[in-house]
Structure formats: structure tokens, C-alpha cells
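J.: These are the residues of each chain, in order.
Protein chains: 2
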Amino acid sequence: MPQAIVLLSGGLDSTTTLYYAIDKGYDCRALIFDYGQRHRREIRHAVAVARRVKVPYHLLKINLPWKGSALLDPNSRLPITSHKKIGKKIPATYVPARNTIFLSFALSFAEAVGAEAIFIGANAVDFSGYPDCRPTYYRAYEKVIKQGLKSNKIKIITPLIKLTKTQIIKLGRKLGAPLEETWSCYAGGKKPCGVCESCRLRNMGFSAIM
Amino acid sequence: MPQAIVLLSGGLDSTTTLYYAIDKGYDCRALIFDYGQRHRREIRHAVAVARRVKVPYHLLKINLPWKGSALLDPNSRLPITSHKKIGKKIPATYVPARNTIFLSFALSFAEAVGAEAIFIGANAVDFSGYPDCRPTYYRAYEKVIKQGLKSNKIKIITPLIKLTKTQIIKLGRKLGAPLEETWSCYAGGKKPCGVCESCRLRNMGFSAIM
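Chains B and D supply the protein sequences, listed in that same order. Residues in the first sequence are numbered consecutively from 1, following this note's numbering. Residues in the second sequence are numbered consecutively from 1001, following this note's numbering.
There is no bait here: all hints are sound.
Ranges of calculated distance between the beta carbons of each label pair, as one might list FRET restraints:
1. Ala92/B to Glu1116/D: 15 to 25 Å
2. Lys155/B to Glu1116/D: 29 to 39 Å
3. Pro2/B to Ile1209/D: 43 to 53 Å
4. Pro1056/D to Glu116/B: 39 to 49 Å
5. Lys143/B to Pro1056/D: 27 to 37 Å
6. Ala1092/D to Gly25/B: 23 to 33 Å
7. Ala92/B to Lys1191/D: 48 to 58 Å
The set of hints was computed from the structure by calculation and includes no laboratory data. Note that this is a predicted model, so its numbers are computed, not measured. Even for Gly, the Cβ is constructed at its ideal location relative to N, Cα and C.
Generate coordinates for the entire structure from the input sequences, incorporating the hints supplied.
T.: Below, the structure written as C-alpha cells:
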């Protein structure tokens, strides 16, 4: 069985991605990050998902003391964006180089265990305007792998990159992913706030298929 | 003054690079990593160098639980390579994706504080065969910045990339860098072992100018 590393946040997209990778026959290991996100609650959901499918995982704590994001500062205000404006510009919840950091650890993990693929649930359609969710970014990252790594054949697989949120939910359900147990809200409360970008995108996705 | 992030390990190359960046007029901040290296002693030297030049720094602890390198496992044997064979192949001290991880944090730091450059003391001449020390790797990484970051104009500057170890030492001395206070040995002992690749490269560099 080919091996893969799956980046798992505990949200809708990464959970669907994990189920997709398993469905495609990969022997998966998950990588979960505690990076100081205000919605630490998602970590618990990520761990629960990994355990449910019996996928070994590492939970890594990383420190970004320079912050630079509303997602890392519980005292800052989260943007309340209307549905139409989501994705039009880079929001305050953008974390500088977050996916670049996550991928770099995934690469290290993949090289060390001999995995041939890294799965990430990035999405460029119903997304929040993050530059590190675009296909061109992932193609550029693969060139870094080709040039700078020992195992220069590791692929980055982004199965959701061209799907809408509704299509992702349909795919997740088809694969039997426990979508109701995932966590998307950025606000950090005990219940989803319903108005942050992440809640809105999730709710839009679900309401379209009800 | 333009701002820069300098990756600082406490060795000869990164110390010279920091002095170079300061000399070029950059307002520098240093980034030091505790990544489980067996030669943790280098961290102390990195901190001492940053303090000496009054450069603010972050010391980040990162966890690479999958290891995959003789440099992360104090029980493994360090390769004892003859002078002639150094650089011919990727050695056991290669840490999977290490520079890719370091650069990703430097990028995040640079974006958050508005720095326009990242300095790294990589060297492709008298080096140890690491793929992430080659110029092509850094050019590929700059494309990742262009595609996936908010501040897509951050440059990666590698002032030592084409210098021999002897040329680096000469440059460091010219800039007043405290080279004698740097630490290169991989072995993790209280004194340099003199036979690991890093000691050999350092000693070769110094002996050529004595």
C-alpha cells in the first residue's frame, strides 16, 4: 500500500480529504497542528476523526510568537463578512505562511517514513481568499520538493481544490465521513458562532443540499 | 531601514550571514531553532551571537517526532567521512526538509513584521551534500512565496552560497564576526569531536588561511 501524510484540522474539508485518501487505497498518517489558533476546539475534533478511522497521527505544537493574524489573537475581532464578499480579498484570519509551514512538516514526515504523497484539503472555489489555497501555489511547492529534498518524488494531492463547499459535503457523505462531528467555527466558543467566514461557508454548503 | 529575518544556528556560516546582513544595512531579527538536534550546544552560541549584536530573536522549539536523521538521534552513529568524500552524497546527518521548515517559519515571521528579506547561510561549495543548500532550491522557494503569500515580494538572500569555507571565514573576519565563538560540531559533546563532517569542513576552512 502506498503511504500518505494527511493534514488534518478537524474541519469539513480535511476530514473529507482523509476519507478520500483512505478510499484511494493509501495507508495514511495524519498530522494535526496546535498553532495557537483561537479555535483550539478543532484539535479535539481532528484527534477524534483520526481515532475513528484508526489512522496514526502526530499532534504537533508550533509557536508563532509574531502572530500577525486575527486567528491567533483572541482579543482581536473576527471579520464578519457578508456571503457575497467572502473570497474577494485576503481576510484578517489569514495566518502568515500557515500552509507553507504545515506542508514543510508534512514533507519532513513523508520523507522520514517513506510516504509518497501529502494530502491537503485546500479549496480554491468556496474559499476565503487565502493565497495558499490556489493550485498554482501547490505546483510551486512541488518544485521545492523536486529541488530540495532527498525523496524528490513526493506529490501534493489536493482532491478538493476545484470543488464547491456543497460538492465537498456530498463527497464526504458518499465516503462516510462523519461531517456532523467536524468543527469549522473560528470564534473559539463552545458553539459555532454562525457569522464568521468559516461558519458561513459551512452553512452555505449544507443549506444548498438540504 | 529595510527589515530582514536571519536564520541563525550558532555556526560559522549563519553568524557570518548575520554580520553580512547588518553590514548591508538591514534591520535584522534572528530566528533560532531547537529542533532536537544532538548538538543542542549550538543554540547557546546562537543566542550569544544575537545578544552580542543586539539583534532581537525568537528561539523556537519544534518537534520532529519521526526523526529520520542521525542528527536527531543521539544513539545513532555520526558518519565519519574522509575529506575527499564530503559532499559526494546526502549524508546520514541530513534532516528531512529541515531548511524547508526553517524557511517556512522565517516567511511567517517576515510577513507578520513586514520584513522584505530572509537571510540564510546556505552554502553549495564546501557543503555536505544536502539538497536544500543548492541555489536552484532557493529559486524554487521564491516561487512559493510569489504564489502563496500575502507579501509576495519577500526575497531569500543566500550570500554564502557560492563561497568556499575559507572564503566564508575571510568574509566573517572582515565583518568582525566572532567566529571563534561559533559552534559547528554535530556530535553533541562538550568539545568539538574533530571528525564529524561539520568539524572537518570547519577545520579545512581555518587551516587553509593559517
